[in-house]
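Quick note, the sequences are listed as chains A and B, same order.
The numbering of the first sequence is my numbering, which starts it at 1 and goes up by one.
The numbering of the second sequence is my numbering, which starts it at 1 and goes up by one.
Hints are supplied without guarantee of correctness; some may be wrong.
[Said to hold, decoys possible] Below, computed lysine to aspartate or glutamate pairings styled on DMTMM-like, alpha-carbon distance capped at 20 Å:
1. K98(B) - E180(A)
2. K552(B) - E385(A)
3. K576(B) - E180(A)
4. K542(B) - E385(A)
5. K371(B) - E507(B)
6. K98(B) - D406(A)
7. K390(A) - D509(B)
8. K294(B) - E348(A)
9. K542(B) - D406(A)
10. K390(A) - E507(B)
11. K542(B) - E182(A)
Simulated from the structure, these hints should not be mistaken for laboratory data.
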Amino acid sequence: MSSYAVDEPIYALATAYQPSALAVIRASGEGSWDLLRPYFSGRLSSGKASHGYISGKDGKAIDEVVVVSYAKGHGYTSEEAFEIMSHGSIAVIKAISGLLDSIGFRRAERGEFTYRAFLHGRIDLTEAEAVEEIVSSRSDRARSDALSRLSGTLRTAALQMKDDILDILASLEVQLDYGEDEIPEDWEFPEERILEIISRLEGIASTYASSRLYSHGALVVLAGRANAGKSSLYNALLKEDRSIVSPEEGTTRDYIESDASIAGIPVRLVDTAGLRKAGGAVEAEGIRRTEEMMESADLIVYVLDGDEDDSSVPAGALTVRSKRDITGIDEGLSFSSVTGEGLDVVIEAIGEALSRDIVHGSDDIRIDSERQRDCLLSAASALREAVDAKSSGYDVIALFLQSSLDSLSVLVGDITADDVLERLFSSFCLGK
Amino acid sequence: MSSNVCSLLSVWVNDMRDYDAIVIGGGHAGIEAGLALARMGAETLLVTQSADTIGRMSCNPSIGGLAKGNLVREIDALGGEMGHLIDSTMIQMRMLNKRRGPAVQAPRAQADKFSYSRLAKETLEGEPHLHIFMDTVVDIMTEDGRASGVVTERGWRISAKAVVMTTGTFMDGRIFIGEYDEMCGRLGEKAAIGLGDRLRSKGFHVGRMKTGTPARVRKSSLDFSRMEVQPGDVPMLPFSFENDEINRPDIPCYITYTNESTHQIIRDNIHRSPLYGGKIVGKGPRYCPSIEDKVVRFPDRDRHQIFVEPEGEGTEEMYLNGLSSSLPEEVQHDFIHTLPGLEYAEIIRPGYAVEYDYLDPLDLYPSLESKIIPGLFIAGQTNGTSGYEEAAAQGLVAGINAALYLRKEKPLILKRTDSYIGVLIDDLVTKGTKEPYRMFTSRAEHRLSLRHDTADQRLTPVAASIGLASKGRMEGFERKMEMISDAVSVLKSIKADGKSLYEKLREPDADVLEMDVPELSRFPKSLLQTIELDVRYEGYLKRQEREVEKAKKQENMVIPPDFDYDIVDGISSESKEKLKAVRPLSIGQASRISGVRVSDIAVLAVAVRSRSNG
């Protein structure tokens, strides 16, 4: 973080580096308009989109583009900035990047745009995190969660709870500020109110696990005996031929993984080595890794080979049966990767199993970062300590209430330690 | 160097330095500043408008109270005088908020005002390096921009290398009683006119503040049978760590209440109040409102509590605590007579409001040295505070830092984590104040480690390091620390029910004084209680220590006083203005300035770090 210099002109590609219809290149920093002007035929004017041609140093046109400019104080970073929307070919992206490199822009560091936006007070910490999550989120659900954070539902909820605690603390502190002769009434510990806040804090914190599934994806591991038909299922689920499917046992010696989307949930799908007595060192290693993978899985899909008995299915796994076209079994989760029979039921069952543990709060506030969860939980645990200490002195109770307030302040970014910043910005995606 | 006033004239002609330091004002701040300077070896002149009013208690006849009691004990631990003065002149003592938690309780004592002030004067007179001179300062002299002395009303130009200003409510003070007003700092004592204007022209930010005081009534005209008696604690406990016990008379206070007819009289005459009529522009304290304020702001309250407190041992004057007013005298007469027991009260002095110039404390460094005139230190009500204890605490720190300035040593800056004094000064110079600032327990976030009974452990070593702890004080302190460690060993060595007594103290209702252990009888009770609280709070203190450590990290990120905020990009212009006004000396202090955004602090931290790296 300390290597970032604010206001130095920087640029980054805001869209994916791959051929597409449109590419957006974003630039920000003091004097960035002047740097661009000689190479752009349109006019730069704050908040306006301007159509024109962008040309290289040799005067040759690179592409027909639209440039949106932002005067200082207006754009995302709050610095003088612009965004170039060009055609999305790799050649164009390369040419524009090359031009910017050569006229005084530097390629942005990871998270630098958001860092600048934060430093200029455009966004607070919760918003900054949400931006990161929008950019890296892998499903529509996660994207809408991240967007709702931007409008500050988490912030609003945190501020509300802060306000409630502050209220209680103030009514207590007045007893510490004035003597019993001035305020003879004793203070009553508002246990019910505090328990309510605790349950709200813990409720929001508990959305972390399910939110993580949506934004980082679930780890789904296909397991089962060798040659049970895992790789066939894997390919069917991916609808692409990535695994080597062969009738010979133990072909998949190591695991293979792919990103997929099952029932709308992003999934890291892993095909593992078959579980059987090791035939060689390489395969033994594959089996060891399979076991490791199964331990960290969000869901294990255990593939039984046709009419194989289910004694080997590990607890908690979802059991499916392969080779329906051969066995003719049509009850339970039986499928055939050859005919495609039963596959839709299996996919639905996987989706259901994944979302089973997902709790949705009525207020729809969900969090995605460990930092946020830790803040919420430490605020809740300080309140619990206050409840435990309710019969001790007011001085001690006030300490816990204060500590709970501090945790919430860290959450909304009122208080921030250097290391929090450091950690946050290093996980930002390039560009935004 | 001259050490007496008679030689001033010759020095004026020769223009040589007359004194090392000059203290302006003989109130609670001036007393501490003068004594600290003189005791640290500086030839010091204290200039006061009246040698008869040194150490006068202009308002309530008491010292201490919640948070304020902690201040007094800290002042004492740091080598100040207030603890000694009140211990020798108290006429009642109470430990407040015993029920509400040991860490936040604090002592308060009623004082015999007249003996307090007399003892203060005698103490100043007894200090060999301290000289008293009666005149009114009208200007501060400077040389190369630094404070170089004072000019007085009678035309003296007295030079010194450091000046401490403690003018209280006297700078352009004006008192109000209904339609009557007069340029006074206290009723019957003329204001110091002109100094405020001279300072304004030198670039100081001068504002107006207001405070008030209630009427004093004659004791023999009151009917105490119609009031509640409020007795003091027995035994009385000392403020000063140098005193083991107090042998003073215990005189009770009384409680009575206002009623609907009191409030009606006030409402009927509110237009005659100088505050509501718009004559007073200065801001008054919200926490210590006049009775007319209370009636207007809390119309639903059907009564307000009034304490009737003696002003001294031999005097008939009684102070009506809670009935401060600037309504016309005849209105005061009428409403006072509606209170039970006060029906025939004879008023000796009327209540009044006083409006005065104060200097924006944002113009000060945490050493209380002026940013505008180096070598000038400012303390007390002049900085926008209220209360004897707040004034004395600043006076002591200003005096110490003036002495360290003379010695060309680093100033003493107490931290929020080690004293209420540190909280007080940090608040003033970082946040400024819009109303008279009073110390409250709630202002101290690290209050569990700021118990009044540990002030000596926190500050006496500091006093020793700057040469302000007398030999007697240090010996007493070392003896006490040895006794504490002895008592702890005794507690750890005796077992009952499989636990040591020391461990037993962790239990919430353990009471060290109830433990029937002959081996403990040789230790003073207060010392055993200190140990008990240390043990009981150990866990909580650990928790607080983590916070303290975090705070320290930020306090240790130093910002040079001449740091150029204009060349740092990315700090908002509003924040820049605020930072430039305060000129914080650390990132910690910067982060406490109200209205400065976190993101600006982040930028500043990066900028300061990169500067110190390269």
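Hints broken by the structure, by number, lowest first?
2, 3, 5, 6, 8, 11
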